[in-house]
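> Here is how the chains run, residue by residue.
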Amino acid sequence: MDTSTQITDAPPPVPQPNLAELKRNARGATRPGDRIFLGLSRGSGIFLLVIMAAIAVFLTYRASLALSKNHGNFLTTFEWNTNVTPPSFGIAVLAFGTVVSSIIAMVLAVPVAVAIALFLTHYAPRRLAGPIAYVVDLLAAVPSIVYGLWGALILVPHMTGLFGWLNDFFGWTGIFSWDQGAPRSLLTVGILLAIMILPIITNVSREVFRQVPQMHEEAALALGATRWEVIRMSVLPFGRSGVISASMLGLGRALGETMAVATVLSPDFLIHGSLLNPGGGTFAQNIASKFSEATEFGRDALIASGLVLFVITLVVNGAARMIIARRKEYSGANA
Amino acid sequence: MAKRIDVSGLTAFYGSHKAIEDISMTVEPRSVTAFIGPSGCGKSTFLRTLNRMHEVTSGGRVEGKVLLDDEDLYGPGIDPVAVRREVGMVFQRPNPFPTMSIFDNVAAGLRLNGGYKKSELGDIVEKSLKGANLWNEVKDRLNKPGSGLSGGQQQRLCIARAIAVEPKVLLMDEPCSALDPISTLAIEDLIGELKERFTIVIVTHNMQQAARVSDRTAFFNLAAVGQPGKLIEIDDTERIFSNPSVQATEDYISGRFG
Amino acid sequence: MSNAVIAEKRPSTLRGASLPKWSPWAIAAGSVAVAVAVGAGTGLTKVQWGLISGLLFLAATYGIAAKVEGRRQAKDRIATGLVWVAFLVALVPLISLVWVTVVRGIKVLDVYFLTHSMGLVADSQPGGGIYHAIIGSLEQVGLATLIAAPIGVLTAIYLVEYGRGRLAQAVTFFVDVMTGVPSIVAGLFILSLMLIFDMQPFGFAGSMALAILMMPVVVRSTEEMLKLVPNELREASLALGVPKWRTILKVVLPTSIGGITTGIMLAVARIAGETAPVLLLVFGNRFINNNPFEGPQQSLPLYVYQQYAAGNEYAYDRAWAASLALIAFVMILNLVARAIARWKAPKTGR
Chain A
8 MDTSTQITDA
18 PPPVPQPNLA
28 ELKRNARGAT
38 RPGDRIFLGL
48 SRGSGIFLLV
58 IMAAIAVFLT
68 YRASLALSKN
78 HGNFLTTFEW
88 NTNVTPPSFG
98 IAVLAFGTVV
108 SSIIAMVLAV
118 PVAVAIALFL
128 THYAPRRLAG
138 PIAYVVDLLA
148 AVPSIVYGLW
158 GALILVPHMT
168 GLFGWLNDFF
178 GWTGIFSWDQ
188 GAPRSLLTVG
198 ILLAIMILPI
208 ITNVSREVFR
218 QVPQMHEEAA
228 LALGATRWEV
238 IRMSVLPFGR
248 SGVISASMLG
258 LGRALGETMA
268 VATVLSPDFL
278 IHGSLLNPGG
288 GTFAQNIASK
298 FSEATEFGRD
308 ALIASGLVLF
318 VITLVVNGAA
328 RMIIARRKEY
338 SGANA
Chain B
4 MAKRIDVSGL
14 TAFYGSHKAI
24 EDISMTVEPR
34 SVTAFIGPSG
44 CGKSTFLRTL
54 NRMHEVTSGG
64 RVEGKVLLDD
74 EDLYGPGIDP
84 VAVRREVGMV
94 FQRPNPFPTM
104 SIFDNVAAGL
114 RLNGGYKKSE
124 LGDIVEKSLK
134 GANLWNEVKD
144 RLNKPGSGLS
154 GGQQQRLCIA
164 RAIAVEPKVL
174 LMDEPCSALD
184 PISTLAIEDL
194 IGELKERFTI
204 VIVTHNMQQA
214 ARVSDRTAFF
224 NLAAVGQPGK
234 LIEIDDTERI
244 FSNPSVQATE
254 DYISGRFG
Chain C
467 MSNAVIAEKR
477 PSTLRGASLP
487 KWSPWAIAAG
497 SVAVAVAVGA
507 GTGLTKVQWG
517 LISGLLFLAA
527 TYGIAAKVEG
537 RRQAKDRIAT
547 GLVWVAFLVA
557 LVPLISLVWV
567 TVVRGIKVLD
577 VYFLTHSMGL
587 VADSQPGGGI
597 YHAIIGSLEQ
607 VGLATLIAAP
617 IGVLTAIYLV
627 EYGRGRLAQA
637 VTFFVDVMTG
647 VPSIVAGLFI
657 LSLMLIFDMQ
667 PFGFAGSMAL
677 AILMMPVVVR
687 STEEMLKLVP
697 NELREASLAL
707 GVPKWRTILK
717 VVLPTSIGGI
727 TTGIMLAVAR
737 IAGETAPVLL
747 LVFGNRFINN
757 NPFEGPQQSL
767 PLYVYQQYAA
777 GNEYAYDRAW
787 AASLALIAFV
797 MILNLVARAI
807 ARWKAPKTGR
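The listed protein sequences correspond, in order, to chains A, B and C. Each residue of the first sequence is one higher than the last, beginning at 8 in the working numbering. Each residue of the second sequence is one higher than the last, beginning at 4 in the working numbering. Each residue of the third sequence is one higher than the last, beginning at 467 in the working numbering.
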């Protein structure tokens, strides 16, 4: 700190170094205790960054080992044969299954979650709303393997009725045709994922709806709006970006969900036109079920598919964060 | 067009707490009536009972009668939504819909019922904005968000939104308390013009404002904190400010309490 | 209703014709009755009865309300109906999940089950238990917490108390990103390290993956709690000449310790149910292995998966019982954590 003062020509006597010292003190970096503590906490933050970087680097390294020997096209091959020479594997089926099951889950879960969030904030009797919200909170903590067990042993047998009905009335579309196989298909997976992410999306949406300023709702009420019109005019516009980011969080969960899919789906390596016939696969499910019989090379191949999943979830989460950030700016401009 | 309000024996509750007790008064059409009184005396609560906004707050409950030209707002079969259409309201803090443009804000109430052609809607929006003395300031940016306006402009936008649906009565809950003096003056001038067409009831903390804008003034007070607020007296504004019949009114106006 | 119309002599703008208060219940009862009649007649399942009655209810509500009250009121009613129906429909699977787990889990969940391993029992036989899985879970989750909690809390302290500039921004951003890392990816990351160093599965490998999943959750919740500590407290302490690090240790942390504990416990509850990384890294074991640093271990969620995969009634019973134990553990953690949060809620000064 002396050097900084010596640079200036006119030698300012005592006060300036003192000021610099005060400033450093305020930042908390001069005393040994402060320095150690700052070092520890900053070190922890840096450690987190290192982990993230390491995840990307090591997954990429192992993936490259596998990809260099792959004789199929990693993006378009419809098989996963890593134990034969030459090995051939591709993620087309996995990408399709992951995206389709997640889309089904979102289509089912988001409207219902928004409706439940509205129910809890605007419709339910107050005495009911509190406990229900608490229970929904708890349900968000139920481990995914339990959802998986329930899905495989309870949900799957109950799907036959719905599948038969869909086949009868919408079988002609091809998407909903059914060959009477066990209903361990992408649609069942999507429904189970929807049930799983419902509590999370509901929780976040409820928080957002609760923060709608009273004065916006009163503005609509005073114009003679019905309850639904109040929701449409002030609650939903205010909560829209919050609901979108909540859905993105749910989507992130659905994309990466492993056990619930592994227990319910009966996988194969084909893309089926019908959502009702068993088959297909997802990234996470494929890793879990192929892992135990995989050789070292097979594991590297699975790591390669995991890297793709990692990138997809990064993009989805990044998008969610950007939407939240935009919303902050937007409400800040209003304040 | 404007309607008379007749209140008799009105008591309002928040849960089990009695906020105002046994209030009776008459508000003449095409006049401005001001409610004054110390904080917590229930003048805002009373105002909100006049368009059934009071029951929106949890536990809000009302006993007694509010007649709007001989029809009881709390009678059986009355639709609170229809009441709020007849009795418009302007709030303490300007509250334009933040995601809507200026035009959409004014048209919001009209669109609820639908049935307007685009040109009709444009005419009514223009008329309402002119009625709120805002047209000249915003006519070039009707599609910009209402939240971009200044506080005083936002409040006039809210008034335009309220009068666009042609209510019979306009309630104003301290409409100037969040505004600077110049904006306040603009709103006060506006109130003077609006009373030609509407019955206006205004709650204010500012006694000069009550004296400036109102024809009649009602003074509310409460015996002690926790006690329900009561109507002490209502009379011509001139009388209230020069020669009130109750001592408490004079004490309050001359600044001896409150 | 017709009486009211007659009594009303002149048309009123305030008096919309309205359905009586009991009408939603009546329409609901009617729809259910019709659906049951149709369903029983044509032999549909109960789920389909429910669907039909739900649709009938919405259609009837809209039709009747639109005719009597007008289009706007009808829309309002249908929105109300939809919101209620959505809520009730969503209740079905969630209640079923809890109910089935409790009813089927309680069948074999007893002291014997909690105190024995699968060492002497084949998956196809009755008996056996989850003792080894409980030991494994406790050790893996405990070690993960030992790693993740201090790092998470320290990172949060850095972000709230010191963090300014590029580094803090980067940490904030990547903590957000890390929250979204799927558990199987965290497992694959540790797996790639193990492949490089040619290691066999062991408990602590799972702990490391769990710690990666836990850290961002702890950072987020601790950050929230530290932000709730009023600045006046910090300033009061600093003004007394107390160094910053002692201010943090003696003033800031004690004020927010309740909330931080809650956050850590909720994070523990979350990782205790993770299966995928454990499957890849700890592998599973029929026997009791008390050493998390050597050899495969079992864990509760993995036990559930492996018993399900065994695919016979005895194994299913064990899977349900282990699920119940797991849910009970997670729920107790949640309830206690929330109780602490409520009990030690910091006064925000507002």
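In case anyone wonders, no lab produced these hints; they're calculated from the structure. Every value quoted in this text rests on a predicted model; they were computed, and no experiment measured them. Ideal Cβ placement from N, Cα and C applies to all residues, glycine included. Careful: at least some of the hints might be erroneous.
DEER-style ranges, computed between Cβ atoms [said to hold, decoys possible]:
hint: 1; chain 1: B; residue 1: G62; chain 2: C; residue 2: A525; range: 48 to 58 Å
hint: 2; chain 1: C; residue 1: W491; chain 2: B; residue 2: G78; range: 19 to 29 Å
hint: 3; chain 1: C; residue 1: P616; chain 2: A; residue 2: A63; range: 22 to 32 Å
hint: 4; chain 1: A; residue 1: D275; chain 2: C; residue 2: I561; range: 53 to 63 Å
hint: 5; chain 1: B; residue 1: G78; chain 2: C; residue 2: R537; range: 20 to 30 Å
hint: 6; chain 1: A; residue 1: D275; chain 2: C; residue 2: S590; range: 21 to 31 Å
hint: 7; chain 1: B; residue 1: E66; chain 2: C; residue 2: V534; range: 46 to 56 Å
hint: 8; chain 1: A; residue 1: L47; chain 2: C; residue 2: S590; range: 35 to 45 Å
hint: 9; chain 1: B; residue 1: Q211; chain 2: C; residue 2: V534; range: 44 to 54 Å
hint: 10; chain 1: A; residue 1: G50; chain 2: C; residue 2: S590; range: 25 to 35 Å
hint: 11; chain 1: C; residue 1: R537; chain 2: A; residue 2: V318; range: 46 to 56 Å
hint: 12; chain 1: A; residue 1: A63; chain 2: C; residue 2: M665; range: 47 to 57 Å
> For each hint, tell me whether it holds in the structure or not.
Outcome of the hint check:
no. : hint                          : in the structure
1   : G62(B) - A525(C): 48 to 58 Å  : violated, 35 Å
2   : W491(C) - G78(B): 19 to 29 Å  : holds, 24 Å
3   : P616(C) - A63(A): 22 to 32 Å  : holds, 24 Å
4   : D275(A) - I561(C): 53 to 63 Å : violated, 34 Å
5   : G78(B) - R537(C): 20 to 30 Å  : holds, 24 Å
6   : D275(A) - S590(C): 21 to 31 Å : holds, 27 Å
7   : E66(B) - V534(C): 46 to 56 Å  : violated, 29 Å
8   : L47(A) - S590(C): 35 to 45 Å  : violated, 53 Å
9   : Q211(B) - V534(C): 44 to 54 Å : holds, 51 Å
10  : G50(A) - S590(C): 25 to 35 Å  : violated, 52 Å
11  : R537(C) - V318(A): 46 to 56 Å : holds, 49 Å
12  : A63(A) - M665(C): 47 to 57 Å  : violated, 21 Å
The structure fails to meet hints 1, 4, 7, 8, 10, 12 from the earlier list, while all remaining hints are met.
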